[in-house]
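Residue numbers (full-length UniProt numbering), protein chains in the order written: chain P, 1 to 438; chain D, 1 to 438; chain F, 1 to 438; chain U, 1 to 438.
To be clear, the hints were calculated from the coordinates, so they are not data collected in a lab. Do not rely on the hints blindly, as some may be mistaken.
Just so you know, same-sequence chains aren't split out, so a pair can sit in one copy or run between any two.
[Claimed, not checked] Pairs of lysine-lysine, DSSO-like flavour, derived with a Cα cap of 30 Å:
#, residue 1, residue 2
1, 50, 131
2, 138, 86
3, 396, 410
4, 370, 46
5, 396, 370
6, 131, 339
7, 86, 121
8, 138, 339
9, 206, 138
10, 206, 86
11, 73, 387
12, 50, 86
13, 339, 396
14, 86, 410
15, 353, 387
16, 46, 396
17, 73, 370
18, 396, 175
19, 73, 121
20, 175, 121
21, 353, 339
22, 370, 175
23, 46, 86
24, 86, 339
25, 46, 410
26, 353, 50
4 protein chains.
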Amino acid sequence: MVPRYARPEMTAIWSTENRYRIWWAIEVFAAEAMGEIGMIDADDAKTIRKAYDDNVLGEIDVPAIDAIEAVTKHDVIAFLTWAGEKLGPERRWLHQGMTSSDVLDTSLAVQLTQSADLLIKGLEELLDVLKRRAHEHKLTPTMGRSHGIHAEPTSFGLKLAQAYAEFDRGLTRLKHAREEIATCAISGAVGTFANIDPRIEEHVAKELGLQPEPISTQVIPRDRHAEFFATLAVVASSIERLAVEVRHLQRTEVLEAEEYFSPGQKGSSAMPHKRNPVLTENLTGLARMVRAYALPAMENVALWHERDISHSSVERFIGPDACITLDFALARLTGVMDKLVVYPERMQKNLDKMGGLIHSQRVLLALTQKGLTREDSYAIVQRNAMKVWDSDGELKLLNLLKADDEVAAKMSEEELEALFDLDHHLARVDHIFSRVFS
Amino acid sequence: MVPRYARPEMTAIWSTENRYRIWWAIEVFAAEAMGEIGMIDADDAKTIRKAYDDNVLGEIDVPAIDAIEAVTKHDVIAFLTWAGEKLGPERRWLHQGMTSSDVLDTSLAVQLTQSADLLIKGLEELLDVLKRRAHEHKLTPTMGRSHGIHAEPTSFGLKLAQAYAEFDRGLTRLKHAREEIATCAISGAVGTFANIDPRIEEHVAKELGLQPEPISTQVIPRDRHAEFFATLAVVASSIERLAVEVRHLQRTEVLEAEEYFSPGQKGSSAMPHKRNPVLTENLTGLARMVRAYALPAMENVALWHERDISHSSVERFIGPDACITLDFALARLTGVMDKLVVYPERMQKNLDKMGGLIHSQRVLLALTQKGLTREDSYAIVQRNAMKVWDSDGELKLLNLLKADDEVAAKMSEEELEALFDLDHHLARVDHIFSRVFS
Amino acid sequence: MVPRYARPEMTAIWSTENRYRIWWAIEVFAAEAMGEIGMIDADDAKTIRKAYDDNVLGEIDVPAIDAIEAVTKHDVIAFLTWAGEKLGPERRWLHQGMTSSDVLDTSLAVQLTQSADLLIKGLEELLDVLKRRAHEHKLTPTMGRSHGIHAEPTSFGLKLAQAYAEFDRGLTRLKHAREEIATCAISGAVGTFANIDPRIEEHVAKELGLQPEPISTQVIPRDRHAEFFATLAVVASSIERLAVEVRHLQRTEVLEAEEYFSPGQKGSSAMPHKRNPVLTENLTGLARMVRAYALPAMENVALWHERDISHSSVERFIGPDACITLDFALARLTGVMDKLVVYPERMQKNLDKMGGLIHSQRVLLALTQKGLTREDSYAIVQRNAMKVWDSDGELKLLNLLKADDEVAAKMSEEELEALFDLDHHLARVDHIFSRVFS
Amino acid sequence: MVPRYARPEMTAIWSTENRYRIWWAIEVFAAEAMGEIGMIDADDAKTIRKAYDDNVLGEIDVPAIDAIEAVTKHDVIAFLTWAGEKLGPERRWLHQGMTSSDVLDTSLAVQLTQSADLLIKGLEELLDVLKRRAHEHKLTPTMGRSHGIHAEPTSFGLKLAQAYAEFDRGLTRLKHAREEIATCAISGAVGTFANIDPRIEEHVAKELGLQPEPISTQVIPRDRHAEFFATLAVVASSIERLAVEVRHLQRTEVLEAEEYFSPGQKGSSAMPHKRNPVLTENLTGLARMVRAYALPAMENVALWHERDISHSSVERFIGPDACITLDFALARLTGVMDKLVVYPERMQKNLDKMGGLIHSQRVLLALTQKGLTREDSYAIVQRNAMKVWDSDGELKLLNLLKADDEVAAKMSEEELEALFDLDHHLARVDHIFSRVFS
């Protein structure tokens, strides 16, 4: 976790304090259920639950717990020792028949679920911004490019609608991913419920808003977590895509849009004129990180037998790092897109740049429809197009075509001119918007 | 693709011939739709469709198409040139207003969908085997291990039920992944439908069993493919988990199960006695590969502007390699699990190995329930357990506990003996099975 | 391996035939050494060696060997069975005291060494081309860009010199990597030389041009291979860098250089005017693949105990795939750079584009040297620079500065004009070239 | 960075304070050189250098610098503003003609070099321990295993010698990697030295113990960093290998060695008898992380044109995370190996386990040397070996062979017995040790 790429709400989820509070809740809810089913003294169980409701823990004394762990070398035991002191003799019921992983894995599930909720919220905010800006620029003509080369016109709104659709898929995926990791396991040392009634798991799950894990082996199976982090990696890849788009648009030679640049900001310590797309470049890097975290999550799946603990160190890194970084990245991207400065006149300038080459395909089609073979049409258009290209847009395709005998034999000047109409390319924007936003 | 890790049906999906046949179908269905909406001559369109139904293409002459491509350096044009020769003049309508990616991306969607169907079938077959064998060994007692160390007893059926549940999640994920990539895009050079009516896309989609891509930019957005290959990677990780389990079980010192070893087979060229878990070791390696393919798929997402073609070479590798390898791995794992030789008596031997230490937790709990603090109970059990441990299982925990005054003060010998009952650990297998298999 | 991304010489290294021929050499050289040290009959050993020198194997009958392997399920035994038939009774000495891995691992070392040699050759050819073109454009002024934004002028030769220096480092790394994997292990079932004299290993190593592996455990340790494939991945990343540079330069709005476009070539099936940087886009994708292969190579390191065989399937993929793909990519990049069409006049046009903003830093420095604080200088330059920026380069920085009173108070017009001299930026090209190319 | 997996010395290298101190040194050394070559006032330069030697900065006030950065949004400018206040008017010479990357990249080089030095020290300490323990157990017989199956005997010292040789290669690699990143770049906005004399770079490099970067483009090329982090990933993979070995040895059924277990330590909160290999499991997870960080480092190579800043966020994560984690892992592994509890008697017990099957290869060889074909020998040994195997080691191979007529026809009982001598397998340990440790 890098503090400058972290927001407080997500960071709090991954704090030691939050972790301990979740452990406490799990232990208490488990004791409560044990009391209900007669596994432990019912009154003691109620006392424990009441202590929880009265928040007897108060401030979590992390250093004190650390000090105990330094001796026991066992984190759950250390916490329970500390927390038990807040209770009377009923403390002896805590953790009855449970194993550390019951607490740790369920606790991680809660943290991941809380994180997923924030990420979902973050994605929804991004979608709102993209939707607004897409509609704002629904019919702003801009160059469509394949291979970085001018292709045919499109609208800037369509670019944003594409991003909207992509992140909307991300939202669906993230909701699936949330379901994947929202399970609770309190099933004992190897998952047999040998010393712990399944009703305890069911009660704790319910209190925490989780589903009982159908079958666990001390641990919740790690394919769930792998799926979760893989999903984050895919969302991060979509962030990279939009970030790269903005970076391209802000290039000096393109300059169709710019990240908002606040008055006091310095772009370069050496070159005062520079306004750099540093936020989207930063997002490109953050995406690489979130993507990288998916791999160790997948390697974590093949734990030995009923479990080993190799996954734990990995999750201490990627749990917070992936969630916090993606949360930050979503918010940063939302900010960038919200304030993105768009230059429609520059878009038009770029559209006009290549002497009308962007209309070449329509001419090609029209010639074919006039009865020429595709091959002949292609050759005619290409020979004229290449002249325009070589002139760096000084020559205009429309003029050359008008002067081309083979074209003239098939088409009037009016017909030709109609093929160079920009609006033609935006005629179906409405249709596409209705597909995306309805 | 490595031939020895490939099955014919999946390999055929990724053959050049299949690819060309799909291209042909797309071009024909597109022409058909164009005829219907009056974009091209209606009779010509019907002629083209009829030619398709009559299979005029016959054998695909791959070398001939390659030869054309060597000149044009463009694969779709090369194919169309060759295929066009099977038609009359109506050939000129082929590919009208379309761009190569309309064909290539939709074609890839078909191949991935076909692949997903095979993978789903493969997973279902694996699930069948796991279910059968889980029920067969539902109550076969076996050692549960955490950290590779004996923990508490479980049943071999539970191990298999866990695998079943995990692959069942994989099946759900794979079905989602199939939906992700089952889209069709015929939207023109930058996705505006400027020169191609959206109804064409809708018709082709319907004929091919796909959904129209709501918004494309010449290409189908690559987050879909990233999600697809990430899902394959997660399934592969689950394969690795079960493979590693089998490898552990087959270790000389454990030997609770073995891969089936056919009569003529040689385990080692040098050591005649060896029977090695080579299939599951192989699966471990294959899982690494399928996992690796997810990464470039994610890097493919951030194409430049409306598209670049950097994804294409990646997909020529990972399309076949990930699908073929995972298909093979699923089948191999199914075979391994189907014929796995299980040694219940050896499981029992291992259960008996550590002098009853595996029952230590029950004793701990019982002492606590008799009124000792958790700390005291732990200390009592641990001091006896350590003696057993140090004796390598020669000393028996039950005997030591009977002789321990502090224990004797709390519990009769009968009570102690009851705690060493193996069946206790299997009491909830039914409950868990009902969670997993119902 | 994807045939279209493969060159014949590298492909041949990874052919089944080459693999068998290397096995044969290993077995023969081992037998020869056994004869020399009296482990087997000396005359028989000479007979075997003579058979090798006489090439008794002739054509390798792969299907016949496959058929044997289908029964034995063991590849080395299958090959030896087939090859043994070419010998008389001396065949019984083949593979004495050896284990399959002695053959397989040493064979892989030979293939990787052969591959490394080709890759080194490929890198050297690329370096030649880069050196030539760097000198050709040593003083061709071009825009230097940070963040995609115009920064200060540089020369196109410097861009190429940077690439040269980077690939020259790649060459050094590749030579190290070659050394890493050029070892031979013939040390028996667990590497103790229990049944095989170390002199055999030494002899085989010498004959094959390898070093004896100081300590092996049936297998050559896989950290060597991990290092090798990681090095390939780093070289691939450098390929990506230069490929991305070319793609940027070929953008319609930049167009300072273009991949060579052969006369018959079609850029787009739909848009006749397009000339796309498809080769460098392709290289971007290929780099992703070579990078991906490094991961499973690293996961291969942690084999169980003296070895397991999980690495083998991985290496059947990545051995050929990484080497063949990188070899192809190096050659393709060499071709691209060799024929790259460079447009110096367009570079000048782009240099002139932003109204002289690229000289802003020199003005900033000059003002500071005239006694202004850095902060004041920055403010003065920035306020003028922003006007130029907002005018899209219509206003000229030099003119604005001349008209700025605070500037005029410090500097004459002549002094200002001198700061706008392009040659200033190329004054140290010679120095840098001498660093890189000497 | 996860505090529990961090050691103070390495953590300090990556502290904000250390970063600022390095920046300060770079700026000061640069100013000093500028004074020497007459680019700035010579006395002022000396004043700056003296201020450095007098440590005028004192405590670094990180919050104050953060506050400035919150306004300027530029970290180097923020630092210089704060640091400049410690100087008189000579502060205006700071950063003359330099660009932020001159400072940032050179600073990162210093941090990575400092880190490399610690890692090298860490590896050397590990090597010392491995060497000592290897010699301690040089002739301790232990089972060699391939595929997890008993193969032939080896010595425990050989296992450790293998690890020594592997980490010794890691040391060589790490030293190479240190050289890769130990370069200094002070070359101006696009690396042309347009406004900064190369002698400044040379001076700063010398003062910092770095090499001048032959050609930079504002930034030091990122292939160097990719190589560095890839090397760390390979070293981490070797850590994983040895960690997995220990985990296997500590399995209940194997139990040939154990991580040291301190008196107060609790293995399991639920099962008092457990002693788990938690340190090596932890190392397995840490290795996954260090490996994962190599990927974004490789993706960082392809910066746009002369540089973009996408690499920066990545390096804020992986710089500290990879170095700190690997440093911790090396130290932890050193501790584990230093105190590893080894059980030679258990090793012997395991050697005796399979009824002498581990000697089967020697018998095979001996029969061949007696004139039988390899195929016949194999069949004879295998049929006896299988009986031993099926008896779970109750039947002894030696006895069965003595009773086998075909064997008896070729060999006396004495000859047979000699083949079952354990010392035979350790006869070449000296030779191998001399290869590894000399």
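Now for the hints, and whether the structure bears them out:
When the C-alpha separation of residue 50 and residue 131 is checked against a cutoff of 30 Å, the pair qualifies neither within a copy, at 48 Å, nor between copies, at 44 Å. Proximity of residue 138 to residue 86 under the C-alpha cut-off of 30 Å is found in neither arrangement, the shortest distances being 61 Å within a copy and 44 Å between copies. Taking the shortest Cα distances, residue 396 and residue 410 sit within 30 Å of each other inside one copy (19 Å), while across copies they are farther apart (48 Å). For the identical chains of this complex, residue 370 and residue 46 are inter-copy neighbours only, at 20 Å across copies versus 87 Å inside a copy, given an alpha-carbon limit of 30 Å.
In this assembly of identical chains, residue 396 and residue 370 lie within 30 Å of each other by CA distance solely inside one copy; the values are 22 Å within and 50 Å between copies. For a Cα distance limit of 30 Å, the shortest separation of residue 131 from residue 339 inside one copy, 13 Å, qualifies, whereas the shortest one across copies, 45 Å, does not. When the C-alpha separation of residue 86 and residue 121 is checked against a cutoff of 30 Å, the pair qualifies neither within a copy, at 36 Å, nor between copies, at 46 Å. Taking the shortest Cα distances, residue 138 and residue 339 sit within 30 Å of each other inside one copy (17 Å), while across copies they are farther apart (42 Å).
Proximity of residue 206 to residue 138 under the C-alpha cut-off of 30 Å is restricted to the inter-copy arrangement: shortest distance 29 Å between copies versus 46 Å within a copy. With identical chains, the CA atoms of residue 206 and residue 86 are at most 30 Å apart within one copy only, with a shortest distance of 25 Å there and 60 Å across copies. Only between protomers do residue 73 and residue 387 lie at most 30 Å apart by alpha-carbon distance; the minimum there is 22 Å, versus 77 Å within a single protomer. In this assembly of identical chains, the alpha carbons of residue 50 and residue 86 lie at most 30 Å apart only when taken from the same copy (12 Å versus 58 Å across copies).
Taking CA atoms no more than 30 Å apart as the test, residue 339 paired with residue 396 passes between copies only; the shortest distance there is 29 Å, against 36 Å inside one copy. With identical chains, the CA atoms of residue 86 and residue 410 are at most 30 Å apart between copies only, with a shortest distance of 28 Å across copies and 93 Å within one. Both within a single protomer and between protomers do residue 353 and residue 387 lie at most 30 Å apart by alpha-carbon distance, with minima of 14 Å and 24 Å respectively. Neither within a single protomer nor between protomers do residue 46 and residue 396 lie at most 30 Å apart by alpha-carbon distance, with minima of 86 Å and 39 Å respectively.
Taking the shortest alpha-carbon separations for residue 73 and residue 370, only the inter-copy value of 27 Å comes in at or below 30 Å, while the best intra-copy value is 83 Å. For the homomeric pair residue 396 and residue 175, neither the shortest alpha-carbon distance inside one copy (51 Å) nor that between copies (51 Å) is at most 30 Å. For the identical chains of this complex, residue 73 and residue 121 are inter-copy neighbours only, at 27 Å across copies versus 38 Å inside a copy, given an alpha-carbon limit of 30 Å. Taking the closest pair of Cα atoms, residue 175 and residue 121 come within 30 Å of each other both inside a single copy (11 Å) and across two copies (26 Å).
Both within a single protomer and between protomers do residue 353 and residue 339 lie at most 30 Å apart by alpha-carbon distance, with minima of 27 Å and 27 Å respectively. Taking CA atoms no more than 30 Å apart as the test, residue 370 paired with residue 175 passes in neither setting, with 52 Å inside one copy and 47 Å between copies. Proximity of residue 46 and residue 86 under a CA criterion of 30 Å is satisfied intra-copy only: 15 Å inside one chain copy versus 63 Å between copies. In this assembly of identical chains, the alpha carbons of residue 86 and residue 339 never lie at most 30 Å apart, being 51 Å within a copy and 38 Å across copies at closest.
In this assembly of identical chains, the alpha carbons of residue 46 and residue 410 lie at most 30 Å apart only when taken from different copies (26 Å versus 92 Å within one copy). With identical chains, the CA atoms of residue 353 and residue 50 are never at most 30 Å apart, being 74 Å at best within one copy and 45 Å at best between copies.
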